[in-house]
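Peer 1: Chain order of the listed sequences is A and B.
Residue numbering for the first sequence follows UniProt numbering, starting at 1 and increasing by one per position.
Residue numbering for the second sequence follows UniProt numbering, starting at 1 and increasing by one per position.
For the record, the hints were derived by calculation from the structure and aren't laboratory data.
A portion of the hints provided could be inaccurate.
[Stated by the list, open to error] Subject to a maximum C-alpha distance of 25 Å in a straight line, what follows is the list of computed SDA-like cross-link-like pairs (lysine to any residue):
#1 A/Lys186 <-> A/Val207
#2 A/Lys186 <-> B/Arg66
#3 A/Lys186 <-> A/Glu247
#4 A/Lys186 <-> A/Ala240
#5 A/Lys186 <-> A/Asp243
#6 A/Lys186 <-> A/Gln155
#7 A/Lys47 <-> B/Leu74
#8 A/Lys186 <-> B/Asn72
#9 A/Lys47 <-> A/Glu88
#10 A/Lys186 <-> A/Ile144
#11 A/Lys47 <-> A/Pro68
#12 A/Lys186 <-> B/Ala70
#13 A/Lys186 <-> A/Arg208
#14 A/Lys123 <-> B/Asp37
#15 A/Lys186 <-> B/Val61
#16 A/Lys186 <-> A/Val206
#17 A/Lys47 <-> B/Gly21
#18 A/Lys186 <-> A/Glu232
#19 A/Lys186 <-> A/Glu152
#20 A/Lys186 <-> A/Glu149
#21 A/Lys47 <-> B/Leu22
#22 A/Lys123 <-> B/Ser60
#23 A/Lys186 <-> B/Tyr64
#24 A/Lys186 <-> A/Gln162
#25 A/Lys186 <-> A/Glu209
#26 A/Lys186 <-> A/Glu241
#27 A/Lys123 <-> A/Asn229
#28 A/Lys186 <-> B/Asp62
#29 A/Lys186 <-> B/Leu74
#30 A/Lys186 <-> A/Arg233
#31 A/Lys123 <-> A/Glu88
#32 A/Lys47 <-> A/Asp66
#33 A/Lys47 <-> A/Ala64
#34 A/Lys47 <-> A/Pro18
#35 A/Lys186 <-> B/Asp37
#36 A/Lys186 <-> B/Arg73
#37 A/Lys186 <-> B/Ser60
#38 A/Lys123 <-> A/Asp230
#39 A/Lys186 <-> B/Leu65
#40 A/Lys123 <-> A/Glu209
Since we're looking at a predicted model, the values are computed, not measured.
Residue-level listing of the chains:
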Amino acid sequence: MSRSIREPGASDHAETRPDVACYVYGILPEDVEISEDAIGIGDPPAKVGIIRHGEIAALVSDVAVDRPLGRAHDLVAHEQLLDAAAAEVPVLPLRFGAVMTTPEAVVEELLGPHHDSFAAALKQIEGRAQFVLKARYAEQPVLIEVLSENAEARQLRDRIRQLPEEVTRSERMRLGELITHIIAAKREADTQAVVERFEPVTAGAVVREPSHERDAAHVAFLVENDRRNDFERAVEELRAEWDARVEVRLLGPMAPYDFVVS
Amino acid sequence: MTIAVPPSGGGGLPGRSSGSGLADVIDTILDKGLVIDAYVRVSLVGIEILTIDVRVVVASVDTYLRFAEAVNRLDIASQQKGLPDLLSEAPRSIARGKSKGITQGVLEAAGEKLQDLMASRGEEPAPHARRRRREED
Chain A
1 MSRSIREPGA SDHAETRPDV ACYVYGILPE DVEISEDAIG IGDPPAKVGI
51 IRHGEIAALV SDVAVDRPLG RAHDLVAHEQ LLDAAAAEVP VLPLRFGAVM
101 TTPEAVVEEL LGPHHDSFAA ALKQIEGRAQ FVLKARYAEQ PVLIEVLSEN
151 AEARQLRDRI RQLPEEVTRS ERMRLGELIT HIIAAKREAD TQAVVERFEP
201 VTAGAVVREP SHERDAAHVA FLVENDRRND FERAVEELRA EWDARVEVRL
251 LGPMAPYDFV VS
Chain B
1 MTIAVPPSGG GGLPGRSSGS GLADVIDTIL DKGLVIDAYV RVSLVGIEIL
51 TIDVRVVVAS VDTYLRFAEA VNRLDIASQQ KGLPDLLSEA PRSIARGKSK
101 GITQGVLEAA GEKLQDLMAS RGEEPAPHAR RRRREED
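Just chain A, same shape as in the assembly (with noise of 0.2 Å):
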């Protein structure tokens, strides 16, 4: 089970080139084989191949060490070629920007030590894929919401309309935090009640920072591959319950890479 397989093409002269070093995309099943045209990342985009071991493997390409990484080019590429993999077949994505010196470091300092590891997360997410899940308020109403509920930003709107703008710095930054809070507190419930709606018909949900300040709720969803008809039905009434208030965006389906990491 220890013996390891290395395609040809992707990286037959990394250790007689010091100049070229071995990108790590993710962590799948051996069994998988990556088609011809498959690209990752760099300018031209670097061929994909795999290294198998035992029963898991890497996709991988070379990487030129001499020039900076993590151009646009390159983190879009990343996750699409990790996302196309997850779409088939089980996929532990790493997290962009990581090298090894060389194939033979890949198997015998990753996948060699956590082999068992890899091997049994991959069968967990067997049948299974993320999706990411982005709401966020428009502006008017949340403010108006805002504003109707909490008569310190009326009073604070009022005085600021009424005084010269030079004058009203601290109350448009009260005002502006007062909202921030509210705008936050929402956020909370509104995610609570996204989790908990969400519950019947996912596998797991992480919760994401928030990505600007008007966000409602981010949250990462694990979906069985059986049950996503009835998870975008579920995203589908949220978004018409939601309707002007909130704007729903589903990202998905992608590699598990909110699952991964504690």
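With chain A fixed as given, assemble chain B onto it according to the hints.
Peer 2: Relative to the frame of chain A, chain B by itself:
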């Protein structure tokens, strides 16, 4: 099974059917996913991870003033009904910063984490075969 990968132009941001943009990608792959321990991960002279910090500092002065300004616009809009909605998303600040978390941290015990998750939900995974075993030859 062969993994089908959508063709990419090699530049710019390929369209994604899910409506995902660069900001969404960054939210997902810069601080999520397995992390290789710093001592295992190569640290090569010359490789520099550019990180793009699009994280909004939720409680910032800028945010406060932006909200106050939006309330002002709200007043104007309510007084002059019928004006087109000129509000647009404020551009997210994009700044280069030092990455944290990529060069530190440990390889998480993914199996344990997932097992905990499944156990806490009290559900058995329902495998859905999407690939066939390779022929052993």
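Peer 1: Confirm or reject each hint.
Peer 2: Hint check results:
1. A/Lys186 <-> A/Val207: Distance of about 15 Å is within 25 Å: holds.
2. A/Lys186 <-> B/Arg66: 19 Å, holds
3. A/Lys186 <-> A/Glu247: 15 Å, holds
4. A/Lys186 <-> A/Ala240: Between lysine 186 of chain A and alanine 240 of chain A the Cα gap is close to 19 Å, so the pair holds against 25 Å.
5. A/Lys186 <-> A/Asp243: 16 Å, holds
6. A/Lys186 <-> A/Gln155: 21 Å, holds
7. A/Lys47 <-> B/Leu74: The hint is violated at about 52 Å.
8. A/Lys186 <-> B/Asn72: 22 Å, holds
9. A/Lys47 <-> A/Glu88: The hint holds at about 19 Å.
10. A/Lys186 <-> A/Ile144: 14 Å, holds
11. A/Lys47 <-> A/Pro68: Since the Cα atoms of lysine 47 of chain A and proline 68 of chain A sit roughly 18 Å apart, the hinted pair holds (cutoff 25 Å).
12. A/Lys186 <-> B/Ala70: 18 Å, holds
13. A/Lys186 <-> A/Arg208: Distance ~15 Å between lysine 186 of chain A and arginine 208 of chain A Cα, so the pair holds.
14. A/Lys123 <-> B/Asp37: Holds, at roughly 23 Å.
15. A/Lys186 <-> B/Val61: OK: lysine 186 of chain A and valine 61 of chain B at ~20 Å, within 25 Å.
16. A/Lys186 <-> A/Val206: 18 Å, holds
17. A/Lys47 <-> B/Gly21: Cα-Cα ~24 Å, so holds.
18. A/Lys186 <-> A/Glu232: This hinted pair holds, its Cα atoms lying about 24 Å apart.
19. A/Lys186 <-> A/Glu152: 17 Å, holds
20. A/Lys186 <-> A/Glu149: OK: lysine 186 of chain A and glutamate 149 of chain A at ~12 Å, within 25 Å.
21. A/Lys47 <-> B/Leu22: Holds - the C-alpha atoms of leucine 22 of chain B and lysine 47 of chain A are around 22 Å apart, at most 25 Å.
22. A/Lys123 <-> B/Ser60: 43 Å, violated
23. A/Lys186 <-> B/Tyr64: Measuring from Cα to Cα gives roughly 17 Å; hence the hint holds.
24. A/Lys186 <-> A/Gln162: Roughly 29 Å between the alpha carbons, so the hint for lysine 186 of chain A and glutamine 162 of chain A is violated.
25. A/Lys186 <-> A/Glu209: 14 Å, holds
26. A/Lys186 <-> A/Glu241: Holds, at about 16 Å.
27. A/Lys123 <-> A/Asn229: 22 Å, holds
28. A/Lys186 <-> B/Asp62: Holds: lysine 186 of chain A and aspartate 62 of chain B sit about 21 Å apart, inside 25 Å.
29. A/Lys186 <-> B/Leu74: Within the cut-off at roughly 20 Å; holds.
30. A/Lys186 <-> A/Arg233: 24 Å, holds
31. A/Lys123 <-> A/Glu88: Holds. Lysine 123 of chain A to glutamate 88 of chain A sits at ~14 Å (cutoff 25 Å).
32. A/Lys47 <-> A/Asp66: 18 Å, holds
33. A/Lys47 <-> A/Ala64: The hint holds at about 13 Å.
34. A/Lys47 <-> A/Pro18: 18 Å, holds
35. A/Lys186 <-> B/Asp37: Judged against 25 Å, a Cα distance of about 38 Å means the pair is violated.
36. A/Lys186 <-> B/Arg73: 22 Å, holds
37. A/Lys186 <-> B/Ser60: With Cα atoms ~18 Å apart, lysine 186 of chain A and serine 60 of chain B stay inside 25 Å; holds.
38. A/Lys123 <-> A/Asp230: Status holds; Cα separation ~23 Å.
39. A/Lys186 <-> B/Leu65: Roughly 20 Å between the alpha carbons, so the hint for lysine 186 of chain A and leucine 65 of chain B holds.
40. A/Lys123 <-> A/Glu209: 28 Å, violated
Violation of the numbered hints given earlier is confined to hints 7, 22, 24, 35, 40; the remaining hints are satisfied by the structure.
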